[in-house]
Amino acid sequence: MSKPKTPIHFTVDGKKCQAFLGQTILQAAKDNGVYIPALCRWEGFEPAGACRVCTVRVAGRTMAACTQPVTEGMAVENNVPDLQDMRKSLIEMLFVEGNHMCPTCEKSGNCELQALAYRFQMLVPRFPFQFPARKVEAAGKKILLEHNRCIKCLRCVRGVRTRDNKAVFGALRRSRDKEITVDQALAAALPEKQARQAMDRCPVGSILRKEVGFVVPIGKRKYDKEPIGSDVEKAKD
Amino acid sequence: MARKIVIEPVTRVEGHGKVTIRLDDKNNVSQSRLHIVEFRGFERFVQGRPYWEAPVLVQRLCGICPVSHHLAAAKAMDVIAGVDADGLSPTAEKMRRLMHYGQMFQSHALHFFHLAAPDLLFGADADPAIRNVIGIILTNKELATRAVLLRKYGQEVILATAGKKIHGTGAIPGGINKNLTAEERDALLRGPAPLDIDTMIAWAEEAVEFLKDYHSKNRELMDSFAAFPSNHLSLVRKDGALDFYHGAMRAVDADGKRILDDVDYRDYLKYIGEEVRTWSYMKFPYLKSLGKAEGWYRVGPLARLNVCDFIPTPRAQKQFETFRAYTHGKPNNMSLHMHWARLIELLHSGEVIKELLLDPDLQKTELVRKGKKRGEGVGLVEAPRGTLFHHYQVDKNDQISMANLIVSTTNNNEPMNRAVRWVAMNVISGKREITEGMLNRVEIAIRAYDPCLSCATHAVGRMPLVVELFDADGNLLDRKSR
Chain A
564 MSKPKTPIHF TVDGKKCQAF LGQTILQAAK DNGVYIPALC RWEGFEPAGA CRVCTVRVAG
624 RTMAACTQPV TEGMAVENNV PDLQDMRKSL IEMLFVEGNH MCPTCEKSGN CELQALAYRF
684 QMLVPRFPFQ FPARKVEAAG KKILLEHNRC IKCLRCVRGV RTRDNKAVFG ALRRSRDKEI
744 TVDQALAAAL PEKQARQAMD RCPVGSILRK EVGFVVPIGK RKYDKEPIGS DVEKAKD
Chain B
97 MARKIVIEPV TRVEGHGKVT IRLDDKNNVS QSRLHIVEFR GFERFVQGRP YWEAPVLVQR
157 LCGICPVSHH LAAAKAMDVI AGVDADGLSP TAEKMRRLMH YGQMFQSHAL HFFHLAAPDL
217 LFGADADPAI RNVIGIILTN KELATRAVLL RKYGQEVILA TAGKKIHGTG AIPGGINKNL
277 TAEERDALLR GPAPLDIDTM IAWAEEAVEF LKDYHSKNRE LMDSFAAFPS NHLSLVRKDG
337 ALDFYHGAMR AVDADGKRIL DDVDYRDYLK YIGEEVRTWS YMKFPYLKSL GKAEGWYRVG
397 PLARLNVCDF IPTPRAQKQF ETFRAYTHGK PNNMSLHMHW ARLIELLHSG EVIKELLLDP
457 DLQKTELVRK GKKRGEGVGL VEAPRGTLFH HYQVDKNDQI SMANLIVSTT NNNEPMNRAV
517 RWVAMNVISG KREITEGMLN RVEIAIRAYD PCLSCATHAV GRMPLVVELF DADGNLLDRK
577 SR
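Same order as they appear, the protein sequences are chains A and B.
Counting from 564, one number per residue, gives the positions in the first sequence under my numbering.
Counting from 97, one number per residue, gives the positions in the second sequence under my numbering.
Since the hints were derived computationally from the structure, they do not count as laboratory data.
One or more hints might be untrue.
Said to hold, decoys possible - No more than 16 Å apart at the CA atoms, straight line, and that leaves these computed lysine to aspartate or glutamate pairs for EDC-like:
1. B:468 <-> A:774
2. A:783 <-> B:280
3. B:527 <-> B:180
4. B:379 <-> B:139
5. B:466 <-> A:787
6. B:260 <-> A:660
Stated by the list, open to error - Only part of the chain B face toward chain A is listed, based on derived beta-carbon distances under 7 Å:
7. 143
8. 144
9. 153
10. 259
11. 268
12. 494
All C-beta atoms in this analysis are idealised placements derived from N, C-alpha and C, irrespective of residue type, glycine included.
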């Protein structure tokens, strides 16, 4: 028999919420209909705290909502102007650190980074574009790795594995020199469903299943109808 | 004292160009040139991109006729995906046609009413402050309303087929990503008023009649202005019909003799060469069989009606017969008759859109086909401004390794230069005083070709016209702007 979950109480921007011990702030907020933006998180993967877009503030301290467990009586600040501006600046940094050309990117409309930029009404980044020299790794049979768009969220490293649990993606080097690498032999052997999942789990257009670009028409893409986070916010309406 | 006249930028065209006219001591024209001052680089930076991205990427060349680039690239990528032009599913082929004829409809409406009509309605010497689309709105509200709605209708067709009015994603290698829903079809067929297809066809027909009426009252201007003999090149359907989406290459000379006939466009390199001249970023294409000096040709509405045998829709065919009869069945070499041909094509596009909307194939669901991949593909379409060539090579990793694009305006490079020269020699040369109206005639000659000098759109009629006078040593003597 499984152990009964212990309910605890906390607030997000003054809203009374209920959670269970062991949940992260981000999970608990979602269950209470509060959207906290995040790029590196994926349900079912170990949290990484890599992108920091989910940063919230508790008792004057900022922390990543995807890694910090919620505790009894916790008062979380989420949708407040200075935090929102900081998140926006993080999104802007991700744009200027890579080479993101939304108009011709096949992930456009399904891209979480683009969707967040729309949600935060980003017009022009406040930082200068870095225009890094990055490559396109296209030698694989099924998967194309477009390094220009990678935001190093590590979702692929954490969550794309073969049936015998071998990692298909890995990370090389550190900090701004960090680069995702792919084992093309393992990637080529991925069943079609998993190859598509690898593409879907990438929040941007960095991991692409070859030759399926633009098959979803404009109007039917994930974020064509509603901004990112609407599903969370609507669930508790 | 020798002088140099510079018109920069050329107004009421797409993109940026510059005209220079050099006058000698006696005010006679010694040289005239149309320069294209922008450098694009698409052929280079498309290299390394995955092939399925090309139709979406290269359409960014243009904001007026992106559909043409989108479809020319898609046709080339069909071949690379192993699907020949006649191998698409009926739904895919017809959806693309609908998108393309919507494109022709909106672009032709835009060009005639917004860009060219101010010259015809107000005259070449009218005040530039009035001689623009705002002037038309203020003086002829009904015509202006029709102009806006005709263009809007074409854009709605593009929206329904490509997902966006500008820079959509409809065509993908081997097919299309959506069909036309019954709701979309009905909205285009029946309104909301007056945006129904029958009204659009009626308005397009009235536009042709308007132009014919203008012609009858201004015969000398229309028939003589920038008229010169040339070769003409276009795609035609296998049976010789006018076709904007697919066919074989055909070229005729100024007398109608066929230079090329039934040529598979995938072999275009055997027949078309491109000359580079140091003073322009735009190349000068020519028919190899005639050489650089004699092989230049016109493309676009005039060329298409000179090259095809008939138009496969009844109302446009009737107008075509009148058009052809005017030159006794011979090619029409009068630059201003480009507007006449353009409006006949506007009418034809409306008729084809209606035919396609009534075709149940558009509601079927076979959208994409695949075949054995190939390393090279060529795609041609007839864009609003003329024949558009896209040619790509793709490596074993699916990345584009070579791209060659010959856009419509490039094909018309030499004819536009000839038209400028005609005005320089016949209007400006030998005159003591150079008036604004004379310089506008240079632009009228260029505008007849509806050149798209880049992807940029701009504020119509409000761009400055700068005229600079230089002495023989290149010193600026005088500068006037409007």
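Hints and how they fare:
Taking the CA atoms of residue 468 of chain B and residue 774 of chain A, the gap is near 13 Å; set against the 16 Å cutoff, the hint holds. Pair hint residue 783 of chain A plus residue 280 of chain B holds up; C-alpha atoms about 15 Å apart against a cutoff of 16 Å. Between the alpha carbons of residue 527 of chain B and residue 180 of chain B the distance comes to roughly 57 Å, so the proposed pair goes past 16 Å and is violated. A C-alpha spacing of about 13 Å is found between residue 379 of chain B and residue 139 of chain B, which places the hinted pair at or below 16 Å, so the restraint holds.
This hinted pair does not check out: residue 466 of chain B and residue 787 of chain A have alpha carbons roughly 28 Å apart, beyond 16 Å. Taking the CA atoms of residue 260 of chain B and residue 660 of chain A, the gap is near 29 Å; set against the 16 Å cutoff, the hint is violated. A distance limit of 7 Å between C-beta atoms decides the matter here; for residue 143 of chain B the minimum to chain A is near 11 Å, and the interface restraint is violated. Taking 7 Å as the C-beta contact cut-off toward chain A, the hint placing residue 144 of chain B at the interface holds, the least distance being around 6 Å.
The beta carbon of residue 153 of chain B comes within 4 Å of a beta carbon in chain A, closer than 7 Å, and the hint placing it at the interface holds. Interface hint status for residue 259 of chain B: upheld, as the beta-carbon distance to the closest one in chain A is roughly 3 Å, under 7 Å. At about 5 Å, the closest approach between the beta carbon of residue 268 of chain B and any beta carbon in chain A falls short of 7 Å, and the interface hint on this residue holds. Interface restraint check: residue 494 of chain B against chain A, minimum CB-CB distance 6 Å, threshold 7 Å, status holds.
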